[in-house]
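Engineer: Residue-level listing of the chains:
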Amino acid sequence: MNQNERVEYIRERITESLAPIRLDIVDDSHRHAGHASAKGGGHYNVDIVSEAFQGKTLIQRHRMVYDAMGDAMGGAIHALSIRAKTPQEAENP
Amino acid sequence: MDPLERIKDLVEKNPVIIFMKGTPQFPMCGFSSRTAAALQDCGAPFAHVNVLADQEVYENLPKFADWPTFPQVYINGELIGGCDITLEMHASGDLKKMVTEATASR
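Protein chains in written order, with this note's numbering: chain W, 1 to 93; chain H, 1 to 106.
Bound conformation, chain H alone (with noise of 0.2 Å):
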C-alpha cells in the first residue's frame, strides 16, 4: 500500500492516534511522552503507531499532515497538533471532551 494511503487508513479508522517516538509504556522523546500521558489521562482508549519503529511512516508523515515534527495527534481523522497543543487543550479540558466525544461515536 502506498505510504500516504496508509496513514490515511491510520487516521481514519482509529478516532484518537498519536504518532510517536517510542510507545505510551516507553516513550523515547519527552515531548512523545508528555502528549501521551496527556491521552491517557483522558481515560478513553487510543492508538499509537512508534515511529521510530516504522520507517514509512517516519518518513511520510510530515509530508501527510504538511507538520514537521513529531509527536502527532489525530481525533476523527484531522490533525489537532503535537505536545504544545495537545497539552494546552488538556490544560483547558477541550482535550477530553473531543476524546470522549470521539471515541463513544464509533
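Okay, chain W solo, but in the shape it has when bound (with noise of 0.2 Å):
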C-alpha cells in the first residue's frame, strides 16, 4: 500500500466498522520518518466520532478501532492515534 492508499484503508475500515459520523485521518508519518522500529509502517491521527462507542470504555472505544483494522495494524500501519469519542461528547467536551 502506498500512503494514499493507506488513508483510504483507514478511511472504509473505520466507516464500515463504526459507521462514524465525523471521521478525520492525519497521516503524521512524515514526523516519524526514520525511526528504525517503525520498519517502513505509518502513523496516523484518526479522530472518530460514533454511536457506536456509547456506553464503552476508553480501551474497549480503541480495541474496536484496532479491529477495524484487522492485519494492518504492526505492518502497513505501525501506530494509530485515536480519539474516540461519542456524539454526545463531541458535542458537550
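The hints are simulated quantities; they were obtained by calculation from the structure and are not laboratory data.
Since the model is a prediction, treat every value here as computed from it, not as a measurement.
In this text, a Cβ means the ideal position worked out from N, Cα and C, and glycines have one as well.
All the given hints hold, so there is nothing to weed out.
Which chain H residues face chain W? A few, computed with CB under 10 Å, are given here:
#, residue
1, C29
2, F31
3, P62
4, D66
5, W67
6, P68
7, T69
8, F70
9, L79
10, G81
11, G82
12, I85
13, E88
14, M89
So these bits of chain H aren't anywhere near chain W, every CB distance computed over 12 Å:
#, residue
15, D9
16, L10
17, P45
18, A47
19, K97
20, E101
21, A104
22, S105
Assemble the dimeric complex from its two separately framed chains, guided by the hints.
Structural biologist: Quick look at the structure:
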C-alpha cells in the first residue's frame, strides 16, 4: 500500500465497522521518518465520532478501532493515535 | 519460562508497569516518552521494560493483551491502555488516583 492507499484503507475500515458521523484522518508519518522500529509502517491520527462508542470504556473503544484495522496493525500501520468520542461527548467536551 | 507466563508474572508482581521503547530516562519513541512522563508525573514508583532490549517481550506482548502497539501500561495486572488513553486519564486525574491506590496497597 502507498501512503494514499493506507489513508483510504483506514477510512474504509472505520466507516464500515463503526459508521462514524465524523472521521478525520491525518497522516503523521513524516514526523516519524527514520524511526527505525517503524519498519516502513505509517503513523496516523484518527478522530472518530460514532454512536458505536456509547457505553464503552476508552480501552474498549480503542480495541474496536484496532479490530477494524485487522492485520494492517503492526504492518502497513505502525501506530494509530486515536480519539474516540460519542456524538454527545463531541458536542459537550 | 514461557514468554506469556513471564509477561503475566511481570504485570502481576508490579503494581504499575510500562512496556515501552527505550527507558523513562532514554525513551526511543515519542509515544513511549509521553506515556512514561505521565506516569512519572504521578509521583509514585513504577516498573518499566524496554521492549527494544527484550525480543521475547516485544514479540509476545501484543498477543498477551490483544493490543497491537507499544507502549502498554498495566495497573494491578490489568491493561490500562497505550499513549492516548494514559494521557487522557492523566489529564482527568484518574491516572494519578489509580497509580497512587495501586502502589499504596502493596
